[in-house]
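Protein chains: 2
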Amino acid sequence: MLKVPDHQVAGHEGRDGMLGPLIDDVGHFYKPLQDDDRGSNEVAFYKSFSSNTEIPDHVRRFFPIFYGTRLIEASDGSGLHPHLVLQDTVSSHLNPSIMDIKIGSRTWYPQASEDYIQKCLKKDRDSTSIALGFRISGLQVHGSQESETWKPDKKLVKKFTAKDVRLVLRKFVSSNTSVDTGMDPDCSFASTVYGGSAGILAQLLELKKWFEDQTIYHFYSCSVLMVYDKESVVKERNCAEVKLVDFAHVLEGKGVIDHNFLGGLCSLIKFITEILSCSDEYEEAKASLQDPNNNCNCTD
Amino acid sequence: MLKVPDHQVAGHEGRDGMLGPLIDDVGHFYKPLQDDDRGSNEVAFYKSFSSNTEIPDHVRRFFPIFYGTRLIEASDGSGLHPHLVLQDTVSSHLNPSIMDIKIGSRTWYPQASEDYIQKCLKKDRDSTSIALGFRISGLQVHGSQESETWKPDKKLVKKFTAKDVRLVLRKFVSSNTSVDTGMDPDCSFASTVYGGSAGILAQLLELKKWFEDQTIYHFYSCSVLMVYDKESVVKERNCAEVKLVDFAHVLEGKGVIDHNFLGGLCSLIKFITEILSCSDEYEEAKASLQDPNNNCNCTD
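Read top to bottom, the protein sequences are chains R and H. Quick note: the first sequence uses this note's numbering, first residue 14, plus one each step. Quick note: the second sequence uses this note's numbering, first residue 14, plus one each step.
Chain R on its own, in the form it takes in the complex:
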């Protein structure tokens, strides 16, 4: 039985008679192919990538596994529609906290139509993409209470400023995250989720290393998905995952690195590094019972 995913934070949702992705109960994610070039482009990318022997395994793990395409009943009731069949990277988590971050200060490419370029350029200028090299597309964070989930509305996410992004990246790893945005995030999960040898920062640094060298693909409008389970983190077991998603606008690299993606990725890495050094100092300070005025002031 296919159903609409519980934990979708960005993109079209398959609710209320709309066309959107579906999942089954054995770990597959069905993404409807878009009718225009985007659908065929994404299939072409997955086919190329999954058969490309130059992709090292430690990089391949950042991409959802591709199981081909399949005709299934679309979520909007319009009948059979071709879908990408992918690994469902989110539903294996019980209470996943998720963030979808579109990487790159530029989501357009010269080969696109002038209309598309102008539309993307406007979105890049109206969001944090130009300033930060990335923008948050959506997120949900689980608070300390079972029932407490912070999932800001799409309209709110679209208006995120650089300052909001800095705060949200901290709220994402805080135990006191709630709808009350006035509270100062404690970043108490930062060292487990962002830090450590298997944490999100380590994974992003591995991706960065690949992007400094690879000239096969250019990833426009592609997102980094960060996922972790509150339950595991509370037990200090790291289960944070980084995945790349959305490949409708992947182009051939033609021997040039994807400097647009790489720049944005490095900027995100810097934000996360700062949260870590901040929370480390905070933790150290807390542990040594120093004057609280000496603690790292994370609200700046």
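Don't take every hint at face value.
The list makes no distinction among identical chains, and a pair is therefore deemed to hold if it is satisfied within one copy or across any two copies.
Below 27 Å or equal to it, Euclidean Cα-Cα: the simulated DSS-like pairs (lysine-lysine) are [said to hold, decoys possible]:
{"#": "1", "residue 1": "K171", "residue 2": "K267"}
{"#": "2", "residue 1": "K256", "residue 2": "K172"}
{"#": "3", "residue 1": "K283", "residue 2": "K256"}
{"#": "4", "residue 1": "K267", "residue 2": "K221"}
{"#": "5", "residue 1": "K136", "residue 2": "K164"}
{"#": "6", "residue 1": "K176", "residue 2": "K221"}
{"#": "7", "residue 1": "K172", "residue 2": "K267"}
{"#": "8", "residue 1": "K283", "residue 2": "K221"}
{"#": "9", "residue 1": "K267", "residue 2": "K176"}
{"#": "10", "residue 1": "K168", "residue 2": "K267"}
{"#": "11", "residue 1": "K136", "residue 2": "K167"}
{"#": "12", "residue 1": "K267", "residue 2": "K60"}
{"#": "13", "residue 1": "K248", "residue 2": "K164"}
{"#": "14", "residue 1": "K222", "residue 2": "K283"}
{"#": "15", "residue 1": "K256", "residue 2": "K222"}
{"#": "16", "residue 1": "K267", "residue 2": "K222"}
{"#": "17", "residue 1": "K132", "residue 2": "K248"}
{"#": "18", "residue 1": "K168", "residue 2": "K221"}
{"#": "19", "residue 1": "K176", "residue 2": "K16"}
{"#": "20", "residue 1": "K256", "residue 2": "K171"}
{"#": "21", "residue 1": "K16", "residue 2": "K135"}
Hints listed in this document are in silico derivations from the structure and should not be mistaken for laboratory results.
Given chain R's structure and the hints, the job is docking chain H onto it.
The following block gives chain H in isolation, referenced to the frame of chain R:
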């Protein structure tokens, strides 16, 4: 006595009654302040940078030394005009081969006027900036003969494609560079100029490390200048220098890395790394007198 520099490859030249930079014979470079914001911005940057104690010395050496501003007779005969007094990084070389590379796929910034943004965007799209993350603004290369200098016309440089850039970066370190562009560059200076612990690649990697971390400045429309002396290279003495120049469009970083500059810099680094690995293989192949068909084919 002030005179027009012999070795200028980009920017306005102070010849034929035009306003341009001047040099003296003790190592100073006089750059006329532009009347609009650009002049005051560049002075403000040099003042801020030269007094900023957070800039490590190994990074400071990539910037021309700033000696203040001075009123001197302008090269266009218009009388006294304020000039930046800078270290002359080029004239200490006898026969310098020089390349000026404007870094960043985007030369505009949101705070600029809409007219300026559209003008920059057009130039970025019409050049290799969007595709490669950088564009060559000018160059001169000394051939094996004293009299032989390849200094392509500005109009030609403006039309450089990605393929041209790849070739020109190889011609820049070749002993058989001549006006005959049909000749395959031998890259015989690559290991001395680009390679080695003090070569251009090592210097660019040091700059990269700083740009991954620094959030003080954003360098729009700023160039990397690569300079070396043919005579020193022939004697296998490395004297290759990297300098950053042109700071009329430097903005405050406001806690964010300069992902636009960093991305372009990483792309340039990849181009140079490839030339080095290519020429290494070529040299090795030549040394072992292998079948010439096994040599690295640098013309691809």
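Each hint, compared with the structure:
Taking CA atoms no more than 27 Å apart as the test, K171 paired with K267 passes between copies only; the shortest distance there is 21 Å, against 33 Å inside one copy. Taking the closest pair of Cα atoms, K256 and K172 come within 27 Å of each other only inside a single copy of the chain (24 Å); across copies the shortest separation is 39 Å, beyond that limit. In the homo-oligomer, the alpha carbons of K283 and K256 lie at most 27 Å apart both inside one protomer (18 Å) and across protomers (25 Å), since each shortest distance falls under that limit. Within a single copy, K267 and K221 get their C-alpha atoms as close as 19 Å, and across copies as close as 23 Å, so both meet the 27 Å cut-off.
For a Cα distance limit of 27 Å, the shortest separation of K136 from K164 inside one copy, 22 Å, qualifies, whereas the shortest one across copies, 41 Å, does not. Within a single copy, K176 and K221 get their C-alpha atoms as close as 24 Å, and across copies as close as 26 Å, so both meet the 27 Å cut-off. Taking CA atoms no more than 27 Å apart as the test, K172 paired with K267 passes between copies only; the shortest distance there is 19 Å, against 35 Å inside one copy. For the identical chains of this complex, K283 and K221 are neighbours both inside a copy (12 Å) and across copies (14 Å), given an alpha-carbon limit of 27 Å.
Taking the closest pair of Cα atoms, K267 and K176 come within 27 Å of each other only across two copies (11 Å); inside a single copy the shortest separation is 36 Å, beyond that limit. When the C-alpha separation of K168 and K267 is checked against a cutoff of 27 Å, the pair qualifies only between copies, where the shortest distance is 26 Å, while the shortest distance within a copy is 37 Å. In this assembly of identical chains, K136 and K167 lie within 27 Å of each other by CA distance solely inside one copy; the values are 14 Å within and 35 Å between copies. Within a single copy, K267 and K60 get their C-alpha atoms as close as 18 Å, which meets the 27 Å cut-off; across copies the closest is 42 Å, which misses it.
Taking the shortest alpha-carbon separations for K248 and K164, only the intra-copy value of 24 Å comes in at or below 27 Å, while the best inter-copy value is 65 Å. For a Cα distance limit of 27 Å, the shortest separation of K222 from K283 qualifies both inside one copy, at 15 Å, and across copies, at 12 Å. Proximity of K256 and K222 under a CA criterion of 27 Å is satisfied in both settings, with 15 Å inside one chain copy and 26 Å between copies. Within a single copy, K267 and K222 get their C-alpha atoms as close as 19 Å, and across copies as close as 26 Å, so both meet the 27 Å cut-off.
For a Cα distance limit of 27 Å, the shortest separation of K132 from K248 qualifies neither inside one copy, at 45 Å, nor across copies, at 55 Å. For the homomeric pair K168 and K221, neither the shortest alpha-carbon distance inside one copy (30 Å) nor that between copies (37 Å) is at most 27 Å. When the C-alpha separation of K176 and K16 is checked against a cutoff of 27 Å, the pair qualifies neither within a copy, at 37 Å, nor between copies, at 50 Å. Taking CA atoms no more than 27 Å apart as the test, K256 paired with K171 passes inside one copy only; the shortest distance there is 22 Å, against 40 Å between copies.
When the C-alpha separation of K16 and K135 is checked against a cutoff of 27 Å, the pair qualifies neither within a copy, at 35 Å, nor between copies, at 47 Å.
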